[in-house]
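Enquirer: Each chain is listed here by its residues.
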Amino acid sequence: MNISSSLKIKQGCNNVPILKEKGQNEVFCGLTGIIWLHRKIQDAFFLVVGSRTCAHLLQSAAGVMIFAEPRFGTAILEEKDLAGMADAQDELDLQVEKLLERRPEIKQLFLVGSCPSEVIKLDLSKAAERLTLKYAPNVRVLSYSGSGIETTFTQGEDACLASIVPTLDDTSQEELILVGALPDIVEDQFLSLIGKLGIKKVTSFPSRTKNKAPKVGKNVKFILCQPFLGDTCEALEKRGAYHIKASFPFGEEGTTLWLKAIAKAFNVGENKFDEVTNGPRSRATKALEKIKQKLSGKSVFFFPDSQLEIPLARFLVRECGMKAVEVGSPYINKKIVLSDMELLPEGPIISEGQDVDLQIERCKANKPDLTICGMGLANPLEAEGLATKWSIELVFSPIHGYEQAGDLGALFYRPIKRREVLQI
Amino acid sequence: MKLSVWTYEGPPHVGAMRVVTAMQNTHYVLHAPQGDTYADLLFTMIERKNSRPPVTYTTFKARDLGSDTSEIFKKACKDAYHRFKPQALVVGASCTAELIQDDPGGLADALNLSIPTIPLELPSYQRKENYGASETFYQIVRKLAQKSNKTDQLSCNILGPASLGFRHRDDIIEIKKILNDMGIDINLIAPMGASPEDIQIKTAKAHFNVMLYPEVAETACRYLEKEFDQPYTKTIPIGIGATKKFIKEISDIFGLKTDNHFNERLRADWWSKSIDSTYFTGKRVYVFGDATHVKSSVKIANEEMGFEVVGLGCYNREFARDIRSLGKELNLDSLITEDYLEVEAEIQRLQPELILGTQMERHIGKRLGIPCAVISAPFHVQDHPARYSPQVGWEGANVIFDTWVHPLVMGLEEHLLHMFREDFEFNDSAGPSHLGGHSNHDININEKRKENINTIEEIIWEKEAELELKKIPFFVRGKARRNTETFAKDKGLNSISTETLYEAKAHYAR
Chain A
1 MNISSSLKIK QGCNNVPILK EKGQNEVFCG LTGIIWLHRK IQDAFFLVVG SRTCAHLLQS
61 AAGVMIFAEP RFGTAILEEK DLAGMADAQD ELDLQVEKLL ERRPEIKQLF LVGSCPSEVI
121 KLDLSKAAER LTLKYAPNVR VLSYSGSGIE TTFTQGEDAC LASIVPTLDD TSQEELILVG
181 ALPDIVEDQF LSLIGKLGIK KVTSFPSRTK NKAPKVGKNV KFILCQPFLG DTCEALEKRG
241 AYHIKASFPF GEEGTTLWLK AIAKAFNVGE NKFDEVTNGP RSRATKALEK IKQKLSGKSV
301 FFFPDSQLEI PLARFLVREC GMKAVEVGSP YINKKIVLSD MELLPEGPII SEGQDVDLQI
361 ERCKANKPDL TICGMGLANP LEAEGLATKW SIELVFSPIH GYEQAGDLGA LFYRPIKRRE
421 VLQI
Chain B
1 MKLSVWTYEG PPHVGAMRVV TAMQNTHYVL HAPQGDTYAD LLFTMIERKN SRPPVTYTTF
61 KARDLGSDTS EIFKKACKDA YHRFKPQALV VGASCTAELI QDDPGGLADA LNLSIPTIPL
121 ELPSYQRKEN YGASETFYQI VRKLAQKSNK TDQLSCNILG PASLGFRHRD DIIEIKKILN
181 DMGIDINLIA PMGASPEDIQ IKTAKAHFNV MLYPEVAETA CRYLEKEFDQ PYTKTIPIGI
241 GATKKFIKEI SDIFGLKTDN HFNERLRADW WSKSIDSTYF TGKRVYVFGD ATHVKSSVKI
301 ANEEMGFEVV GLGCYNREFA RDIRSLGKEL NLDSLITEDY LEVEAEIQRL QPELILGTQM
361 ERHIGKRLGI PCAVISAPFH VQDHPARYSP QVGWEGANVI FDTWVHPLVM GLEEHLLHMF
421 REDFEFNDSA GPSHLGGHSN HDININEKRK ENINTIEEII WEKEAELELK KIPFFVRGKA
481 RRNTETFAKD KGLNSISTET LYEAKAHYAR
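In order, the protein sequences belong to chains A and B. Taking our numbering, I'd label the letters of the first sequence as residues 1 to 424. Taking our numbering, I'd label the letters of the second sequence as residues 1 to 510.
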């Protein structure tokens, strides 16, 4: 099957000027990534060093759904920590000691910086070094910042993974690493497909436990599963690994291009590729056919949230026939999303960063058929007559790969369908 | 530094948001980093609010810290003033902005806006959400309320209802009915629904204030008493007895005649007296939440439902003294804590048959296999119902009766479970039949946990006794285990036989 011919489009949006506004950003901070990371990395605990606001954010974003022994917590800074009456480093040691006593199964501890800890310049990397020495070899302590002054939402995962990279063991073997936390089911599907392509050694990063972590070296190639992993990508390159660039694996087209890039990097023949992928590919195409009928011609507006916006816009426009009005992203790393930008036809406003009030005005003026936005905006926009899809669901659901292509489309169709169904 | 997993209260600026969001034509400019905007979703999701909370966040970034964050704040104030055209602007800082000390109050003043600005100084590293709400409401009232003559007719203000308060929306409707029945006019309700102009012009016209929620309104009520000679009610009308007392309290101050004709909407009293309710008698209940709802619930549980309250506590330290003295009155220890693990340990120790609590206790109950009804914030979206369901007044008493009874296994069903333990579909792992397949998996898991944590170590259960214990229905099994172990320990036994189990049962018989 020759994809390159079907991919030719008049003009991608990779060269259109990007609208950059400065104002209120209505997005989560990087701490939010802990909500899925603490489930994905099963032997890790995430200790946020922050304020009551941080604790409240985590609990509100998690919706208190995962009350059963969460593997995260907040060491809340108090007046005496700020006034210098207590040495914050000593206090932190004390909290870590108590925590590790209570939770002996923890093998990796992440000290996560927050806005207040960054502003008072509490050195968590120093703390992590000290604590690693103290608790080695049982527990490894790392640190990263999930603060809102430095990270937006999914960048928290990027910072977390980047902090792990220097600890990965060396290897001289040829290996492939899939980078980015995926739902277990998707991860297993990808590992199975890639295995069938004949690539022997494939690992996921982050691994579910510390002892299954990937190794890294000059013969290691990696591919990103998520578009928000710029720092992790650089850190892996610094360790000598090769970055396989591709569109992101959403929908039939995205997944095929993504797998194709892997196949090319590992010299997998075209016949072999077709043999392995034809089955799931045609299933994905079939699943998308119905959705395409429903979504075709409808307009979509993306508020910035997870950095998934550009690849998802590519999916909705090219595979579901939608018309993008605006594609907002908190941060656009062209090195990483270039393939998706080249495929996304010119037309929509591409915006980076946000002035939420102005963006809401643009959205209302355009009256899109579907608006993708955060939970703080969704109900207010619904009340004004706009169909919305809350974007956090996109990082909480299995949406990658062939077998999820139909589900991904359906996720966007559901709000529209609901409006058709309701007679009130 | 204090390790926290789940918190009962958010930071104080969230309390401020609860007040401002409840009001009309008011805007809050909050100096805060990106990410603090999460607070919007508390309102839009839990309360299903259909508009954005009237809050502008400056969302400064690390790179702004080196330059001028105060310029960003001033621009946000000006933009909000022009865009939203509020009658008053509330300004303040969240925890991070407090550290950079930009002085939002001073900066806003310097803009010389044509509307009043109300600066808030909420110490984020010492205080919490309820304090923030109370202080914000007080500052708004203090800044805006103007002297005025009292209305000709006897009238009152209803103070305290705020966003994200437990059933505040419906409590207002119920309390209005009760006051109107007494021939009292409602002059102003605040903060919910009030505009800055309302507060400015109307506040002082009322003859007295109804303090509906001390957590939000007590500071303001005290101020208004001193400043405008307005007495305020101390009784919170939640429960039948408390509603009667509330009516009497007002009647005594103003020499009104009271009769009870207007409580014909009340059904809970007869519902509680009717024989189906006999099985409530002496049911062991644990109560935890905000102080106001806990105080009311303890009275209702003991005096109006015929339960036995076996423990109580609250998370808001500001009202610790009230809760401690209530505990003393009942000869119970009271727990004042913001650590849900302590609450869980206490519930595990006491093994109540019903928990009256918050969303946290609902989870604790789920883990321990103990039914729970919600009586206080923080609450989940499912405890913010579409239907009218107040807590105060006569209808509130009806709603409370229904809500608390709902999670229990009902009278006859309870008997049948005792009698036919091994029925394949009607057994304790099926849970209360009206609640559908209430899963028992976690109960089993928790039994194991309990065995680790809660078993008195030196005492061994003999095999037959252990099997016998399993025949006791799940909703009293934990209590039976604990009672038997305590009994054995008191007797100096080091193992428990079936005999011991039944001796203990006789000993604790009620």
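Don't read these hints as lab results, they were simulated from the structure. Check each hint, because a few of them may be wrong.
What follows is a set of in silico ranges between Cβ atoms, one per label pair, in the way DEER data are often shown [what the hints assert, rightly or not]:
#1 A:E101 - B:H384: 51 to 57 Å
#2 B:L341 - A:P398: 48 to 54 Å
#3 A:R102 - B:E303: 36 to 42 Å
#4 A:G84 - B:L341: 27 to 33 Å
Computed cross-link-like contacts, DSSO-like style, restricted to lysine-lysine with a CA-CA straight-line distance of at most 27 Å [stated by the list, open to error]:
#5 A:K126 - B:K2
#6 A:K126 - B:K74
#7 A:K121 - B:K366
#8 A:K40 - A:K98
#9 B:K85 - A:K22
#10 B:K85 - A:K80
#11 B:K366 - A:K20
#12 B:K61 - A:K107
#13 B:K2 - A:K22
#14 A:K22 - B:K299
#15 A:K364 - B:K75
#16 B:K85 - A:K367
#17 A:K20 - B:K61
#18 B:K226 - B:K299
#19 A:K40 - B:K366
#20 B:K49 - A:K367
#21 B:K2 - A:K364
#22 B:K85 - A:K364
#23 A:K417 - B:K479
Glycine residues also receive a C-beta, built at the ideal position from the N, C-alpha and C atoms.
Enquirer: State for each hint whether it applies.
Expert: Consistency of the hints with the structure:
1. A:E101 - B:H384: 51 to 57 Å: violated, 39 Å
2. B:L341 - A:P398: 48 to 54 Å: Violated, at about 33 Å.
3. A:R102 - B:E303: 36 to 42 Å: Taking Cβ atoms as reference, R102 (chain A) and E303 (chain B) lie about 40 Å apart, which means the hint holds.
4. A:G84 - B:L341: 27 to 33 Å: Roughly 29 Å apart at Cβ, these two residues keep to the hinted range, so it holds.
5. A:K126 - B:K2: holds, 20 Å
6. A:K126 - B:K74: violated, 37 Å
7. A:K121 - B:K366: Not satisfied, since the Cα-Cα distance of roughly 41 Å exceeds 27 Å.
8. A:K40 - A:K98: Holds - the C-alpha atoms of K98 (chain A) and K40 (chain A) are around 24 Å apart, at most 27 Å.
9. B:K85 - A:K22: holds, 21 Å
10. B:K85 - A:K80: violated, 40 Å
11. B:K366 - A:K20: Violated, at about 48 Å.
12. B:K61 - A:K107: Not OK: K61 (chain B) and K107 (chain A) at ~33 Å, beyond 27 Å, violated.
13. B:K2 - A:K22: Distance of about 36 Å is beyond 27 Å: violated.
14. A:K22 - B:K299: violated, 54 Å
15. A:K364 - B:K75: The given pair, whose Cα atoms are some 24 Å apart, holds under the 27 Å limit.
16. B:K85 - A:K367: Holds, because 25 Å separates the two Cα atoms, which is no more than 27 Å.
17. A:K20 - B:K61: Holds: K20 (chain A) and K61 (chain B) sit about 15 Å apart, inside 27 Å.
18. B:K226 - B:K299: violated, 31 Å
19. A:K40 - B:K366: holds, 24 Å
20. B:K49 - A:K367: Answer holds: K49 (chain B) to K367 (chain A) is near 21 Å, not above 27 Å.
21. B:K2 - A:K364: Roughly 44 Å separates the two Cα atoms, so the pair is violated.
22. B:K85 - A:K364: holds, 20 Å
23. A:K417 - B:K479: Between K417 (chain A) and K479 (chain B) the Cα gap is close to 50 Å, so the pair fails against 27 Å, i.e. violated.
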